[in-house]
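Position chain B against the provided structure of chain A, taking the given hints into account.
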Amino acid sequence: MAGELDSDKLLKLGEVINRGLGQSGAVISEMTGLAMEIKAPRIEMIPLKEIAVIAGGPASVGVGLYQGITGDVDGHLLLFFSEQNAYSLVDLLLELPEGFTAGRGELGPMEYSALSELSNVTGSFFMNSLADLTGLEIIPSTPAVVLDMLGSILDNILAELSSKGDQALVAEAEFEGMSKGIRGCFLLLPTPEALEIILDRLGQGL
Amino acid sequence: MTENLLSIGLGEMQISGNPDVVMVCYGLGSCIGISFYDPFARIGALAHIVLPDSSLARAGEAESKYANTCVPFVLDKLLQKGAKANRLVVKIAGGAQVLQVSGMKNRLDIGNRNIEAVREAVVKAGLTLTSQDVGGNFGRTMQFFIGTGKILIKTVGKGEKEL
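So the sequences go chain by chain: A and B. Residue numbering for the first sequence follows the numbering used here, beginning at 1 and increasing consecutively. Residue numbering for the second sequence follows the numbering used here, beginning at 1 and increasing consecutively.
The following block holds chain A by itself, in its conformation from the complex:
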């Protein structure tokens, strides 16, 4: 499928995704008071086996902020932060002194709730932007926040996608909070059917 993607449509899809990422980044900035820069957005077809690798490797431990995509199209949205970066994010979200959450070394209900809210808002902003630009109905699921190995967080998603193909379109970008060095990885994984629907819409010159 990789080579068959129309480059014009892919370019358009890139614009749409960048617009959504901009919205999400702005919202993270607002919630954390930290200027967030979106770096190196990439959109490409990637073999499923390599998806964990581009985000740090299946064994890397961190926090995944997940929202499922439903409605006219199905897919998955995952923001992944390394454990230390997630702790720093929590400090900012809950207005705690720098290093406080890392000192505790764990996430409690309050911390999960703050990250869940962040996931909900960034995911919703991204999906709203995508819906506006494509005219599709796109509904975010409730968010799930987990601290675990990246491979295990991605597993359910990859299993679903792997029943439909060996590779998937991955939109990947890094969020970087310049002053604190917080970095996160953003993965958008539409199902092949969803990708086709979205590209069709974009091809109609919306």
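Everything labelled a hint here was simulated from the structure, so no lab data went into it. What you are looking at is a predicted structure, and each value in this text was computed from that prediction instead of being measured. C-beta: ideal position from N, C-alpha, C; glycine also. Don't take each hint at face value.
[Said to hold, decoys possible] Under the rule of at most 27 Å between Cα atoms (straight-line distance), these lysine-lysine pairs were calculated in the DSS-like manner:
hint, chain 1, residue 1, chain 2, residue 2
1, A, K9, A, K39
2, B, K154, A, K49
3, B, K81, B, K124
4, B, K158, B, K124
5, B, K161, B, K150
6, A, K49, B, K77
[Unchecked claim] Facing chain B, a subset of chain A residues (Cβ under 8 Å, in silico):
hint, residue
7, S29
8, M31
9, A59
10, A144
11, V146
12, L147
13, D148
14, E160
Positioned in the frame of chain A, the structure of chain B alone reads:
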């Protein structure tokens, strides 16, 4: 140490009789790692199963990706290498549901279906499951030391144990 670390990715499997080899499935979530070991022949195999049933498989896919085809496929390969079926120690790990999202249960609950399918396939192949560490909502890394047959399960925040 002259260990050779073999990482077994999604849907892959490896067989080895080299006592220095350590096979690993990193970050198993809904997927299942299944190890087979013949302690006399000192031959082992580790497979990384992704989905329960191959009925929806596409052409050219690896047998080891699906529970129902993986077990007989690996068994056959092991017998060809000199292992004996009645000596095989079979262990499984994984089958968790790491992402718990209300409203998407059917789409994301692949772990439980995998566990059932693997158990069924093991019985169907005439083998016995020796031990297992499955289910729950957390990931597992499964390490398999071919020299000793030892299986180590590592988790995040729940420690490490021998299976």
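Taking the hints in turn, this is what the structure says about them:
no., hint, result
1, A:K9 / A:K39, "holds, 22 Å"
2, B:K154 / A:K49, "holds, 21 Å"
3, B:K81 / B:K124, "holds, 21 Å"
4, B:K158 / B:K124, "violated, 33 Å"
5, B:K161 / B:K150, "holds, 11 Å"
6, A:K49 / B:K77, "holds, 24 Å"
7, S29, "violated, 26 Å"
8, M31, "violated, 22 Å"
9, A59, "holds, 4 Å"
10, A144, "holds, 5 Å"
11, V146, "holds, 6 Å"
12, L147, "holds, 7 Å"
13, D148, "holds, 5 Å"
14, E160, "holds, 6 Å"
Hint compliance for this structure: hints 4, 7 and 8 are not met, and every other hint is.
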